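Given chain A's structure and the hints, the job is docking chain B onto it.
Chain order of the listed sequences is A and B. Going by numbering that gives the first Met the number 0, 27 is the number at position 28 of the first sequence; the sequence numbering is gapless. Going by numbering that gives the first Met the number 0, 402 is the number at position 403 of the second sequence; the sequence numbering is gapless.
Treat the hints as calculated values from the structure; they're not laboratory data. Source: prediction; values computed, not measured. All residues carry an ideal CB built from backbone N, CA and C; glycine is no exception. It is possible that part of the hints are untrue.
Per label pair, the in silico range of CB-to-CB distance [to be verified]: (1) 531/B x 40/A: 35 to 43 Å; (2) 82/A x 271/B: 32 to 40 Å; (3) 350/B x 95/A: 42 to 50 Å; (4) 88/A x 184/B: 51 to 59 Å; (5) 184/B x 40/A: 51 to 59 Å; (6) 550/B x 95/A: 52 to 60 Å; (7) 40/A x 549/B: 52 to 60 Å; (8) 43/A x 193/B: 53 to 61 Å; (9) 40/A x 350/B: 26 to 34 Å; (10) 85/A x 366/B: 39 to 47 Å; (11) 43/A x 306/B: 18 to 26 Å; (12) 582/B x 95/A: 28 to 36 Å; (13) 43/A x 540/B: 44 to 52 Å.
Computed from the model, here is a short list of chain B residues facing chain A with C-beta under 8 Å [said to hold, decoys possible]: (14) 180; (15) 259; (16) 295.
Some residues of chain B that are not near chain A, with every Cβ distance over 10 Å (derived) [unchecked claim]: (17) 105; (18) 143; (19) 165; (20) 192; (21) 266; (22) 269; (23) 294; (24) 298; (25) 365; (26) 371; (27) 521; (28) 541.
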Amino acid sequence: MTQPARIACLVAAFALPGVLSACRAAPPAAEIEQPVILAVTSPAHLQDPPWLQQTATRAGGRLRFRAAISPDTAAFVLSCSATDTGCGQTIARLRSQPGVRLVEPDQKVRVP
Amino acid sequence: MTLTRLPALLALSLLGLHALPAAAQAESARVIVKYRNGDAMAVAASAQVQGVSAAASQLGVRAGVALRGKRFVAPTTQVVVADGMSSRALADQLMRQGLVEYAEPDLKAQAMATAGDPMYNNQWYLQSAQFAAIRADQAWDVTTGSSGVVVAVLDTGVRPNHPDLTGKFLPGYDFISEDPNGGFATANDGDGRDPDPADPGDWDASVAGSRSSWHGTRVSGVLAAQTNNSLGVAGVAQQSRILPVRVLGVVGGYVSDIVAGMRWAAGLPVPGVPDNANPARVLNLSFGGQSECSQTYQSAINDINARGATIVAAAGNFTGPVLSPGNCSGLLTVAGVRHTGSKVGYSSLGPQVGISAPAGNCVNLANNQECIYRIDTTTNVGTTSPGADGYTSSTNPNGNVGTSFAAPQVSGVAALMLALNPNLQAAEVIARIKAGARGFPASDPQQPGLPVCPTVGATGSSTEGQCLCTTSTCGAGLLDASAAVGLARNPMARIAALPASVTPGAVLTLDATSSGAMPGATVQSYAWSLSGTAGTLTSPAQSTTNLALPTAGSYTVTLTVTDSNGRTDQQQTTVQAVSPAPPPASGGGGGGGAFGWVGLAGLLGAAYAARRSSRSVTAQALPPR
Numbered sequence: 000m001t002q003p004a005r006i007a008c009l010v011a012a013f014a015l016p017g018v019l020s021a022c023r024a025a026p027p028a029a030e031i032e033q034p035v036i037l038a039v040t041s042p043a044h045l046q047d048p049p050w051l052q053q054t055a056t057r058a059g060g061r062l063r064f065r066a067a068i069s070p071d072t073a074a075f076v077l078s079c080s081a082t083d084t085g086c087g088q089t090i091a092r093l094r095s096q097p098g099v100r101l102v103e104p105d106q107k108v109r110v111p
Numbered sequence: 000m001t002l003t004r005l006p007a008l009l010a011l012s013l014l015g016l017h018a019l020p021a022a023a024q025a026e027s028a029r030v031i032v033k034y035r036n037g038d039a040m041a042v043a044a045s046a047q048v049q050g051v052s053a054a055a056s057q058l059g060v061r062a063g064v065a066l067r068g069k070r071f072v073a074p075t076t077q078v079v080v081a082d083g084m085s086s087r088a089l090a091d092q093l094m095r096q097g098l099v100e101y102a103e104p105d106l107k108a109q110a111m112a113t114a115g116d117p118m119y120n121n122q123w124y125l126q127s128a129q130f131a132a133i134r135a136d137q138a139w140d141v142t143t144g145s146s147g148v149v150v151a152v153l154d155t156g157v158r159p160n161h162p163d164l165t166g167k168f169l170p171g172y173d174f175i176s177e178d179p180n181g182g183f184a185t186a187n188d189g190d191g192r193d194p195d196p197a198d199p200g201d202w203d204a205s206v207a208g209s210r211s212s213w214h215g216t217r218v219s220g221v222l223a224a225q226t227n228n229s230l231g232v233a234g235v236a237q238q239s240r241i242l243p244v245r246v247l248g249v250v251g252g253y254v255s256d257i258v259a260g261m262r263w264a265a266g267l268p269v270p271g272v273p274d275n276a277n278p279a280r281v282l283n284l285s286f287g288g289q290s291e292c293s294q295t296y297q298s299a300i301n302d303i304n305a306r307g308a309t310i311v312a313a314a315g316n317f318t319g320p321v322l323s324p325g326n327c328s329g330l331l332t333v334a335g336v337r338h339t340g341s342k343v344g345y346s347s348l349g350p351q352v353g354i355s356a357p358a359g360n361c362v363n364l365a366n367n368q369e370c371i372y373r374i375d376t377t378t379n380v381g382t383t384s385p386g387a388d389g390y391t392s393s394t395n396p397n398g399n400v401g402t403s404f405a406a407p408q409v410s411g412v413a414a415l416m417l418a419l420n421p422n423l424q425a426a427e428v429i430a431r432i433k434a435g436a437r438g439f440p441a442s443d444p445q446q447p448g449l450p451v452c453p454t455v456g457a458t459g460s461s462t463e464g465q466c467l468c469t470t471s472t473c474g475a476g477l478l479d480a481s482a483a484v485g486l487a488r489n490p491m492a493r494i495a496a497l498p499a500s501v502t503p504g505a506v507l508t509l510d511a512t513s514s515g516a517m518p519g520a521t522v523q524s525y526a527w528s529l530s531g532t533a534g535t536l537t538s539p540a541q542s543t544t545n546l547a548l549p550t551a552g553s554y555t556v557t558l559t560v561t562d563s564n565g566r567t568d569q570q571q572t573t574v575q576a577v578s579p580a581p582p583p584a585s586g587g588g589g590g591g592g593a594f595g596w597v598g599l600a601g602l603l604g605a606a607y608a609a610r611r612s613s614r615s616v617t618a619q620a621l622p623p624r
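Next up, chain A with everything else stripped away, as it sits in the complex (with noise of 0.2 Å):
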């Protein structure tokens, strides 16, 4: 997916999240997937797609709309390198980006 149709997507995310299905592609042999839990230090920022994408990119990853949590913290799913095991270097980087407050994977509770 390019850069701006992820941007679009991440828009339309926000605006419909219905779309999402429509907006999901495979990430790239090279990557993997985690599910992030991603809180900010402004509201603002969760409506504003092209800086999480920004703060994404220079993290080395990218970042899709999952589900919100409240005003300021939202679920997510980040994309990275596949030699990055768990994301871990990039959850770190993420983490230390302007305007994030916290970066946490988001775990699944399993009952049996």
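Only chain B this time, still in chain A's reference frame:
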């Protein structure tokens, strides 16, 4: 209680009678004790030497209570009496001291209006006969709850038309969003978030023989099943309504969806989801994962507490450290005990546990035998998709047990307390539940030689199976609904936040104007007192006063408020007066002064936060067992 005597109690119940402690009728304690085989007291009892007094007298000396022996009900089993205490208090004391094989109040059968549900007789954990039972029957004499107190069940959703939950459910929400890799395998209902919290089943189609758990329906029944409706089971919070919040689907649920559901349940906004018109005062979390408390969980818990909602979480069924979010702060975490009060083998444990409650223990282990001390509740009988609504099984291996079902007992008690006193804040609900807890037994009559529960290390171990609870492993004690409801009526002493430290010579204003009382009562008086370093209180009988801290030291302030019913409550806080640190010995590097300890603490905090956040974790299953 020995199993052989259980039928007698059941027979009483079947006759429509309910057993009340004799203490409710008289001031003197009257308790049945069984002396240990081989013990000198048992020898004396067997011989029944010197009439009926010898064994009882020996027991009294050891217990430090003036006991008088009464009739023997078996060769080594005797009724003993004492003045000045209740039967329950005496029985609990003897059990805690481990002086006898068992001690129980000598019950007097009395007709009483109680839960008329046909399965109530099996709901031993709600009643008062078993050592670990929560005594909800006694609490119901004070309150059966209020429909105005909403309890959120964050779980797999519910079967909305279960006849024993009719009229209980408020409009809830399904928070399970699309899976990270696309599709709705977790949601199992063909879509993402929506206003329908119905449980479509959580069986895993990729695993042969996988069955749906109907976990949310089971938790709901324990919490607040319709009671006295001549149907099924009784719930702890009989009048409360349930806010079903679906956050767990096939093979569990994501923390992101769980936290969004928690926030919404308490009335906090979640973008894209309509506001919750019925915010919950209590949130029940009967799930967990094997990880440290995440910042996402902790932040949500802090925000929810600030909204006045109490959060109750199950400790987990993994025999080791408490699961997350039960290991977070600001909530009440529940471990599981057997009917005798010892920790049930599967329950997780550790310092984060705040209280223990019955979680179910079968005693019989073979298939198709009765699971004796199970937690009966509502469920659905469909193996995968929903089938008929029904009740949990009475036999192994499907008898209903797990800390998942201890937690809603605590949530139900919290709801009863809030029905009586809706002015309680979350921390006050938790403090009163803990304060009302009964002590753990010093021994388990069914398991002589049972070890004391070990300290659970940060990394945990797998050696903490069935064991004798301590306050550092199983919380403050055994849940006591009756005591907690009684404490809910007390006023609330509240001291406005103070700085943790000041410099000597400072004068602080102490403010208790936010103190309160239950509806219908008012705060009548304030009393401030000071201990520790000598200081000065200017107006120790006013709602606000000044505290002078003339010298360096630790100043402990106690506030006692008394309400118009004559009930009291206390709060205590400590302030440190610390002399400024001398300037550092300069060795160059000037210009860094602004950094100082604050900056270093910030760096350390950031490092700690980073460590917490980056720790690799593995999500694990919790309930149901």
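These are the hints, each one checked on the structure:
1. 531/B x 40/A: 35 to 43 Å: holds, 40 Å
2. 82/A x 271/B: 32 to 40 Å: Because 35 Å falls inside the window, the suggested range holds.
3. 350/B x 95/A: 42 to 50 Å: At 33 Å between Cβs, range violated.
4. 88/A x 184/B: 51 to 59 Å: Given range 51 to 59 Å: violated, Cβ gap about 29 Å.
5. 184/B x 40/A: 51 to 59 Å: Hint violated: Cβ distance 34 Å, outside 51 to 59 Å.
6. 550/B x 95/A: 52 to 60 Å: Between residue 550/B and residue 95/A, where Cβ atoms are some 45 Å apart, the hint is violated.
7. 40/A x 549/B: 52 to 60 Å: Taking Cβ atoms as reference, residue 40/A and residue 549/B lie about 42 Å apart, which means the hint is violated.
8. 43/A x 193/B: 53 to 61 Å: 28 Å Cβ-Cβ, so the 53 to 61 Å window is violated.
9. 40/A x 350/B: 26 to 34 Å: Holds, since residue 40/A and residue 350/B (Cβ atoms, about 33 Å apart) stay within the stated range.
10. 85/A x 366/B: 39 to 47 Å: Distance hint for residue 85/A, residue 366/B holds at roughly 41 Å.
11. 43/A x 306/B: 18 to 26 Å: holds, 24 Å
12. 582/B x 95/A: 28 to 36 Å: holds, 34 Å
13. 43/A x 540/B: 44 to 52 Å: Holds: the Cβ-Cβ distance is about 50 Å, inside 44 to 52 Å.
14. 180: holds, 7 Å
15. 259: holds, 5 Å
16. 295: It holds, given that the least Cβ distance between residue 295/B and chain A is near 5 Å, below 8 Å.
17. 105: holds, 43 Å
18. 143: Check passes; 31 Å lies beyond 10 Å.
19. 165: holds, 26 Å
20. 192: Given that some Cβ of chain A is not farther than 10 Å from that of residue 192/B, nearest at about 7 Å, it is violated.
21. 266: It holds; residue 266/B is separated from chain A by about 12 Å at its closest Cβ, greater than 10 Å.
22. 269: Answer for residue 269/B: violated, closest chain A Cβ roughly 6 Å.
23. 294: Given that some Cβ of chain A is not farther than 10 Å from that of residue 294/B, nearest at about 5 Å, it is violated.
24. 298: violated, 8 Å
25. 365: Holds, since 22 Å exceeds 10 Å.
26. 371: holds, 23 Å
27. 521: Given that every Cβ of chain A is farther than 10 Å from that of residue 521/B, nearest at about 37 Å, it holds.
28. 541: holds, 41 Å
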